[in-house]
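Undergrad: Sequence:
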Amino acid sequence: MFWFKKKEKKRVYPAVYSEWLSEFKRLEDSFLSEADSVMLSGGDLTDKKYSIVNFENSLSGFLEKQIQMFFAKFSKDIEANIDEGNCEYMLLIIRRYNLKYNNLFFFENFAFLDAKYKNELVCELKGKLNSYNNDLLRYFSKISEYTDTMYEVTLGIKRLIEV
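To get the working numbering, take the position in the sequence shown, counting from 1, and add 65.
Just so you know, the hints here were simulated from the structure itself, not pulled from any lab data.
In the DSSO-like style, the derived pairs of lysine-lysine whose C-alpha atoms are separated by at most 27 angstroms in a straight line are: (1) Lys181 / Lys165; (2) Lys223 / Lys193; (3) Lys165 / Lys193; (4) Lys183 / Lys90; (5) Lys193 / Lys130; (6) Lys130 / Lys90; (7) Lys223 / Lys141; (8) Lys165 / Lys191; (9) Lys141 / Lys165; (10) Lys141 / Lys90; (11) Lys114 / Lys90; (12) Lys183 / Lys113; (13) Lys223 / Lys191; (14) Lys181 / Lys114; (15) Lys90 / Lys113; (16) Lys193 / Lys183; (17) Lys130 / Lys141; (18) Lys165 / Lys183; (19) Lys193 / Lys138; (20) Lys130 / Lys191; (21) Lys138 / Lys223; (22) Lys191 / Lys138; (23) Lys191 / Lys207.
Keep in mind the model is a prediction, meaning the values are calculated, not measured.
Let the sequences and hints guide you as you build the complete structure.
TA: So, in structure tokens, the structure goes:
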């Protein structure tokens with residue numbers, strides 16, 4: 066008797082606007098993973114002549130939802146671990162989330178997007194992360210007045226911001 070192996074379904078890069086919409090819909094309930102970011106970064110928009118404006122609007126909306134989810138989860142993890150007073154673990158959490166945030170930059174190599182639009186998106190995304198990191202810096206600076214161990218967290222955040 067023959068046993069046939071089931072083929073694994075490999076994620077295909079989105080190519081037309083409707084495929085992009087279905088990918089955005091599939092990913093809207095969870096934060097973008099590294100594998101999904103790589104998959105999306107290889108995509109193309111073959112029907113850009115007719116749908117580039119709609120694609121840009123959909124991409125902006127998708128990124129807004131991703132940013133909201135990201136900062137909500139980031140804040141929740143910081144709140145959950147602040148009571149422990151473990152500055153090394155807190156810095157680890159902050160570094161991990163800063164690395165996860167880079168998954169949102171999957172659109173940087175898209176040749177079908179206007180360079181000006183991509184630069185605006187990149188600047189906006191980086192600005193939001195810097196703003197959040199500055200808020201964290203102020204928060205941990207206040208906490209470090211009462212807890213000496215949290216001073217190292219403020220130094221670590223300053224280093225992250227400077228880089």
